[in-house]
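Throw the hints in and build the complete structure from the sequences for me.
Numbered according to my numbering, the sequence shown terminates at residue 112, and the numbering increases by one at each position without gaps.
If you are wondering where the hints come from, they were derived from the structure by calculation, not from laboratory data.
Distance ranges between label pairs, derived from CB positions: (1) Asp-39 x Thr-80: 14 to 24 Å; (2) His-35 x Gln-9: 43 to 53 Å; (3) Gly-71 x Leu-7: 49 to 59 Å; (4) Pro-45 x Gly-71: 17 to 27 Å; (5) Ala-77 x His-50: 15 to 25 Å; (6) Thr-80 x Asp-6: 36 to 46 Å.
Please read these numbers as outputs of a predicted model, since none were measured by experiment. Even glycine gets a Cβ: it sits at the ideal position worked out from N, Cα and C.
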Amino acid sequence: MHDADDLEQVRYRARKMMADARLEGYSLIARVQGHRTSDGVLWEPGQRIHVISEPHGIDAVYFLMGREFTGGRPGGAVTTLRLKEDGIWIPDAWTKKKKARKDGKRKSRRQR
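Here's what the structure looks like:
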């Protein structure tokens with residue numbers, strides 16, 4: 001780990017490392033009938049999928065990292081989905097809004 005300029009940078013790096021570890025440590029593999037979603041669209045990496053599995057205690061949104069189409073007419077089409085928890089790889093995706101100056105005005109880009 002490199003030196004950090006301030007405490008906020010240290011906190012960001014720690015959150016990033018924890019998010020990366022969580023991303024690497026947990027994957028969900030699901031096998032579903034057919035090659036299409038309930039809307040008739042082919043499964044595509046990048047889709048967000050609401051997964052509900054009562055036996056596993058899962059009721060959450062997952063991000064589709066990859067898929068594999070298998071099967072055919074005799075056994076039926078099956079798609080294997082590789083899923084990751086959604087929204088954990090960017091810990092500070094929603095940045096804080098800039099604070100106004102004491103006089104109530106925001107700094108323009110030229111004033112910075």
